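Kindly generate the complete structure, drawing on both the sequences and the hints.
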Amino acid sequence: MKKYLGNNCTVQMITYERSIKSLVQEKAALHDREVKEEAFFIGDLGDIIAKYQVWKETLPRVMPFYAVKCNDDYAVLKLLSDIGVNFDCASKAEIMKVLDLGVDPSRIIYANPCKQNSFIKYAAKKNVEMMTFDNEDELHKVKALFPEAKLVLRILPPSNFKVQCELGNKYGCHPDKACTLLEVARNLGLNVMGVSFHVGSGCEEAEAFAVAIQQARNVFDLAIDMGFDMTLLDIGGGFHVGSGCEEAEAFAVAIQQARNVFDLAIDMGFDMTLLDIGGGFPGQQSAPIPFSAIASVVNEALDQYFPASEGVEIIAEPGRYFVASAFTLTVNVIAKRVVTKEKTNDDDPVDTQGPVMMYYVNDGVYGSFNCLLFDHAKVEVSTLQESDERSYSSSIWGPTCDGLDCILEDCPLPELRVGHWLFFRDMGAYTMSAASTFNGMPPPQKYYFCEQDQWNMVYPERVRKSSYIQKIPFMMTGHLVDEAHDFADEIFGTSPAAEALVGSPYEKERPLSSIRIMSLIGLGIGFVSVVVGILVFVFLEGGKYPIISAVGIWYGLIQITFGMLGLLACQSTDEKKQGNLLSGHYVLSIVVMSMGYALAVAIQAVAACGNKNDSCGTNPDTQLALHIVILCVIVVGNFLGITSMVFHMRNRKILHPEWKNRKGCCC
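Per UniProt numbering, residue 1 is the first one in the sequence shown, and the count goes up by one each step.
The hints are simulated quantities; they were obtained by calculation from the structure and are not laboratory data.
Since the structure is predicted, the reported quantities are computational estimates derived from the model, not experimental observations.
All clues given are correct.
Listed below are the simulated EDC-like cross-link pairs for lysine to aspartate or glutamate, each with C-alpha atoms no more than 20 Å apart in a straight line:
(1) Lys27 with Glu38
(2) Lys177 with Glu138
(3) Lys56 with Glu300
(4) Lys92 with Asp73
(5) Lys577 with Asp100
(6) Lys446 with Glu38
(7) Lys336 with Glu37
(8) Lys69 with Asp104
(9) Lys125 with Glu148
(10) Lys2 with Glu451
(11) Lys121 with Asp104
(12) Lys121 with Glu148
(13) Lys177 with Asp267
(14) Lys336 with Asp402
(15) Lys92 with Glu129
(16) Lys336 with Glu409
(17) Lys177 with Asp225
(18) Lys21 with Asp388
(19) Lys336 with Glu389
(20) Lys78 with Glu451
(21) Lys121 with Asp100
(22) Lys121 with Asp137
(23) Lys378 with Asp410
(24) Lys141 with Glu129
(25) Lys170 with Asp375
(26) Lys97 with Asp72
(27) Lys56 with Glu313
Beta-carbon label-pair distances, calculated as ranges:
(28) Asn127 with Val591: 30 to 40 Å
(29) Glu34 with Val646: 36 to 46 Å
(30) Ala29 with His174: 51 to 61 Å
Cβ coordinates follow ideal geometry from the N, Cα and C atoms, glycine included.
In structure tokens form, the structure reads like this:
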């Protein structure tokens with residue numbers, strides 16, 4: 001069974017736990033049957049749901065703001081939005097993508113300390129108030145472009161801890177300089193309401209968070225002393241689920257530094273209400289530190305430096321934590337070279353004396369494996385072959401013409417053939433979001449799955465809660481009602497049309513799905529009207545009275561155009577193009593309605609002619625039958641036109657946001 005998530009994303013439901021390898025085998029076999037070589041992702045949405053549950057249980061005081069840059073896939077963003085996760089955006093495009101999901105602007109933090117002027121203007125226009133800063137020039141930009149913004153000071157966390165990607169060399173105000181920045185903000189009359197830090201992406205030492213929280217406390221107190229209302233702490237990202245850890249002090253130290261800045265800001269009169277502990281939480285299953293260890297250090301540091309009694313809002317910006325282990329990438333071996341290499345170690349279990357394999361696959365460092373260069377990631381390859389097969393020293397290369405496009409320089413693999421499949425786990429973070437199509441290489445296809453029980457936790461009894469399905473005849477009770485629900489779920493549950501019938505929890509998909517249904521009905525009416533118009537022309541004395549056939553055929557063509565515009569609008573991913581198509585669909589709904597009355601007048605004219613002169617129709621029964629058919633078409637068509645017109649008007653804020661800039665009846 002599949003569920004429709006919106007934007008043409010379908011999710012395969014599974015009723016029992018399955019291994020990633022079995023899912024890869026299933027989709028690889030599908031590609032083989034369809035003679036498709038394209039690489040593909042397997043997305044486990046249930047893994048994301050499970051991560052959120054763990055987060056809420058272990059860090060109950062910390063609200064996650066997902067870092068969109070990590071993986072901006074529609075299914076990921078939509079699921080996180082529906083779960084209740086908020087969003088960390090770094091650009092106008094990311095803000096637009098999140099707002100298009102129907103997310104309230106208050107659930108977004110613009111967490112980029114150095115922003116483009118036009119992006120600040122856009123944030124102001126869309127009422128995205130929370131944003132970070134770490135320098136004086138940024139304060140002057142905000143004063144000029146968005147003086148009502150709620151500002152969060154990003155401080156530099158301790159740098160003596162091990163992280164996957166160091167960020168302190170680019171962003172963050174040194175805690176010792178916080179007083180100067182807060183003075184500038186106060187003189188400009190700006191609203192600084194919190195402190196943020198980011199210990200680094202993929203932090204491997206939980207203590208870094210404790211140190212950073214301590215620093216944040218200092219800044220908090222400083223800001224409060226300066227008169228700021230400090231109410232928010234952003235503790236960033238870097239969390240993960242996995243095993244092993246080297247150190248956890250980085251978190252504690254950063255929180256301690258944040259406390260110092262808080263106190264400074266409070267002393268200066270700021271109302272400090274937020275602490276942002278940033279990002280950097282690893283998400284791979286093989287990560288070197290368990291999430292419970294990080295959560296324990298963070299909770300202890302928060303209780304010490306930002307006790308719950310102060311009412312400070314604590315947020316974080318996890319990215320890879322949610323998505324790293326949720327995606328597995330599968331690639332196809334598209335070419336193979338065999339070279340020779342002398343054996344150098346008698347104890348080497350891999351036979352390196354003789355053939356050495358070079359495999360070329362259809363994704364590489366210019367695509368999903370860009371994480372090897374930009375994110376300093378390490379990947380491990382798996383095969384679908386039996387593990388007891390003889391292994392050879394092998395290397396794996398991407399498909400582009402660049403010699404840099406090497407995924408693994410040396411790894412033991414059984415001998416593979418062209419057409420075999422390899423898969424890589426933990427490929428959900430900083431992979432597809434930074435991929436290019438260099439050399440014309442297409443991006444991988446995506447398949448999504450989720451365990452039914454986990455899906456139901458987010459979308460409980462989605463079909464059964466429908467206001468439409470609940471309107472079941474009163475005589476249907478007990479098992480009959482259950483069977484009706486099950487039938488609706490099985491037959492309609494995967495289609496966009498079902499979302500209109502059973503009620504979608506998403507703001508925009510439901511109106512679009514309703515338009516799909518009306519468009520399909522319009523296509524059917526149109527074809528019937530054209531066919532009947534031709535029959536009228538043939539049977540009514542060879543077209544002696546062509547008015548019915550002409551109007552009928554013309555009416556049918558308009559209905560067909562009405563239906564095609566609606567379907568094309570629903571399929572379009574371009575916002576401007578979709579708006580134009582929907583506007584055309586709306587106009588044609590009015591034309592459909594008015595044309596129906598014109599056709600009715602034509603029928604009445606011919607019918608009156610037939611009453612006065614029997615020669616008007618060679619076969620009265622046939623003439624009567626055609627009249628009845630066309631009248632039925634008119635009734636249904638008029639009803640469809642009126643329904644469509646009213647539907648467009650009632651949903652104009654969703655379907656036609658551009659109307660507000662127009663004059664006339666649609667504004």
